[in-house]
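Asker: Could you put together the complete structure from these sequences and hints?
For the protein sequence lines, the chains are A and B, in the order given. Using our numbering, read the first sequence as starting at 1 and increasing by one per residue. Using our numbering, read the second sequence as starting at 317 and increasing by one per residue.
In short, the hints are calculated from the structure, not lab data. For glycine and all other residues, C-beta sits at the position ideal for the given N, C-alpha and C. Certain hints may be false.
[As the list claims (entries may be wrong)] Non-contacting residues of chain B with respect to chain A, defined by C-beta distances greater than 12 Å in every case (computed):
id : residue
1  : Arg424
2  : Asp567
3  : Leu636
4  : Thr649
[Said to hold, decoys possible] Derived lysine-lysine pairs resembling DSBU-like cross-links, with alpha carbons at most 35 Å apart:
id : chain 1 : residue 1 : chain 2 : residue 2
5  : B       : Lys568    : B       : Lys522
6  : A       : Lys249    : B       : Lys629
7  : B       : Lys595    : A       : Lys249
8  : B       : Lys440    : A       : Lys249
9  : B       : Lys708    : B       : Lys568
10 : B       : Lys708    : B       : Lys522
11 : B       : Lys629    : B       : Lys695
[Said to hold, decoys possible] Reference listing, derived: stretches of chain A covered by chain B, where coverage requires no fewer than 3 residues with Cβ under 8 Å from a Cβ of chain B:
id : segment
12 : 87 to 94
13 : 180 to 190
Letter by letter, the chains look like this.
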Amino acid sequence: MSGVGDIVHLLFTANLWQATLAAAVLLLLPALGGVISERSGVVNIAMEGMMLTGAFFAVVADLAWHNPWLATLVAIVAGGLMATIHAVVSIQFRADQIVSGIAINIFAAGLTVFLVNRIYGLQDVGHVGPNELLPYVDIPALDQIPFFGQVVFDQNIVVYIALILLVATHIVLFRTRLGLRIRAVGEHPQAADTAGLNVYVIRYSAVITSGLLSGLSGAFLAIGISNTFVPNMTDGRGYIALAAMIFGKWTPFGAFIACLIFGLGQAIYDNNSIIHVSPYLLSMLPYLLTLIVLAGLVGRATPPAADGLPYVPGSE
Amino acid sequence: MTDAERLAVDMRGIVKQFPGVLANNHVDFSVRTGEIHALVGENGAGKSTLMNVLYGLIHPDAGEILIHGKPTHLTGPRDAIALGIGMVHQHFMLIPVFSVGENIMLGREPVDGMRLYNRARARKLINDLTKKYGLALDPDTRMADLPVGLQQRAEIVKVLYRGAEILILDEPTGVLTPQETKELFVVLRDLVKGGKTIIFISHKLKEVLEISDRITVMRRGKVVGHLTTRETSEEEIATMMVGREVLLRVDKKPARPGAVVMRVENVTASSDRGVPALKGVSFELRQGEILGIAGVEGNGQSELMEVLAGTRKTTGGHVLLGDRDITTYDARTERDAGVAFIPEDRRGTGLVLSFSIAENSILGRERSSRFSWNQLLLKLVAIREWARRLVKEFDVRTPSIDVAARNLSGGNQQKVIVAREMGSKPKVLLAAQPTRGVDIGAIEFIHRRIVQERDEGTAVLLVSAELDEVRSLSDRIAVMYEGRIVSIESPDTPEERLGLLMTGGGKAREGAA
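Answerer: Dropping the structure here:
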């Protein structure tokens, strides 16, 4: 019983919630990408691979140029390039989008390990210096708010960017012309096409955007939270982001709430040293939650009507 | 104005080759400004291909297109829209989860200074437009909540909003009730008065004669005739469409109904979405009669057929076959008890498309001793013999019985199903939309076989969205509305009265539950 007591105690510490938000943001970025991609009608399960690629190239670039901003840009571009592969395969060549996504995830895992060996030999990739990491930024005054200040306003710069992107994604999707078009393409591409929209351009942009966001998340993981690249360091987070997107019913804020829940699981696990529960049991937590979500136990969600269906012009 | 300028649309020598089929074979098609021009032809005649070419969705292999006398090159619907061409598709291009306003605006949305979608302005634009053309619509309703007639109206407004001068309407009346069709025709005449040009695609010849000024007839990818509506007749158009004389009316003797075979008592059932679809349906079906069910699609007809065929569970009531209670029977036991079923979705439920005609011809009967030894090994020789007989008897046009069902035309696919179901010598034949989407020749044939089946003593229950079909085939008509049979009528009941009953109006006459 003491384990449960420990967790309850932990829930009242600001440290835990600070870590929760950081862990949530790591998932939120690819989840937002997933929302955008799937709202346009392209199933994207390749966030894992895009994130991993982003993480790898962030470290490579940071070690080479000692500039975390440049490194982050490289990571974003790398994620975008992986997404472009998915877009070409699934939009242009109308391949099965699940298969394409899995292929990209496996490809990314192989590519990064291969490049590690190629570039760094059999040694460690090496560590990024403390001044070359994405910085933590305290927001003056606001970080003095008791409890809440530490949780929200004492965070990595990427956390703030992600929260802004969260609001922006919501506004774009549901309040702008562009968002209406993205959703139209994901619901009924024939209708969008006959209304004079370019289905392909919209879908390409949406899928590539999801890659950019996953790449950013990869950079946050490798040169924000961590300071090096380890093979397979994303550890299934891209899939958890996918679950968060479904849990959140393909909406940005819904996905964010799901990310917070998963993030909490992660944060509790990370604090396992001060609670008396098997760390192995705790490490299962996020994945267990994912399974529960994917099994549809939290209410069934309806995906966009044309999600996963390639568009063939002139078809009905 | 010269002749060329008076033509709103002038398509010359259009050729479009699809794998295995020449969909448009040097087609010439022209429409005068301000007329309603009907384009008629059977399925696969090439009407839709031609219109998709005109709308820029399909690129022709050869030919030229002149709009208002100017040669044009269409790379996509955007170009067509810019030239003032609008299309109302047979399958509506509407997004059910969007509002009416969003659907109409899509692609040309008004935005405010912040580039945000301007809902208030969208609403005003729509209200102006609907007032101008007398097409009342509420921009804020969710599209999925509108009845089909109003959805079509939204499609028309959508096209007008894009500034269309030439409107293409692809089978616009297929989904409408007679009343809705009348309203549509009023709208179309108003639009023409306002200077618009309309291309009306249809295979319902009565409507074509009523609404159009001129008619172009297509058959097998070619234009086979240009007609002036005033100077032609239903028979002449039908003959042109099919290429031989056809019998438009069903030729049948009065029914001689026998004993009651099937009794449906207060049956209730839910739809796929879990909402009540049948709310207490009762009727009797007699030997040697055709009971037709009329109704707007989605009023429980599909669910009723599925319940009777054993593929949908009831939530209450009883179904009796003779003295036997078959309420809980599944598809297999129903079949064994003598209920045959022609399902409405021929490609999804009627056939296994990748199976050959021979294999399809015994679906559901593969366990019978006639076609298998101990329900284990198929008697291939017997099956092939059987399939060959059906193909011959039901005039299925195919090079062999080994052809996959997928490669048959719609009419021939339907004939395979009809042959299989009638071939089982059923007591009750359930026919759901038996001629949907098949050509006139096949319709004529299937109608004749259904009547023949009746004359041999089978009890036939017919569901069709085509009121004409229900009226010409049935010996009694049950009108369904919102999960109930609201009235049972005689087949010579005027169309107007049936239409009224189908939409919840009118008073029941007899035995309605």
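Asker: All hints, please: hold or fail.
Answerer: Hints versus structure:
{"no.": "1", "hint": "Arg424", "verdict": "8 Å, violated"}
{"no.": "2", "hint": "Asp567", "verdict": "35 Å, holds"}
{"no.": "3", "hint": "Leu636", "verdict": "37 Å, holds"}
{"no.": "4", "hint": "Thr649", "verdict": "32 Å, holds"}
{"no.": "5", "hint": "B:Lys568 <-> B:Lys522", "verdict": "21 Å, holds"}
{"no.": "6", "hint": "A:Lys249 <-> B:Lys629", "verdict": "31 Å, holds"}
{"no.": "7", "hint": "B:Lys595 <-> A:Lys249", "verdict": "33 Å, holds"}
{"no.": "8", "hint": "B:Lys440 <-> A:Lys249", "verdict": "32 Å, holds"}
{"no.": "9", "hint": "B:Lys708 <-> B:Lys568", "verdict": "23 Å, holds"}
{"no.": "10", "hint": "B:Lys708 <-> B:Lys522", "verdict": "33 Å, holds"}
{"no.": "11", "hint": "B:Lys629 <-> B:Lys695", "verdict": "33 Å, holds"}
{"no.": "12", "hint": "87 to 94", "verdict": "violated (count 0)"}
{"no.": "13", "hint": "180 to 190", "verdict": "holds (count 7)"}
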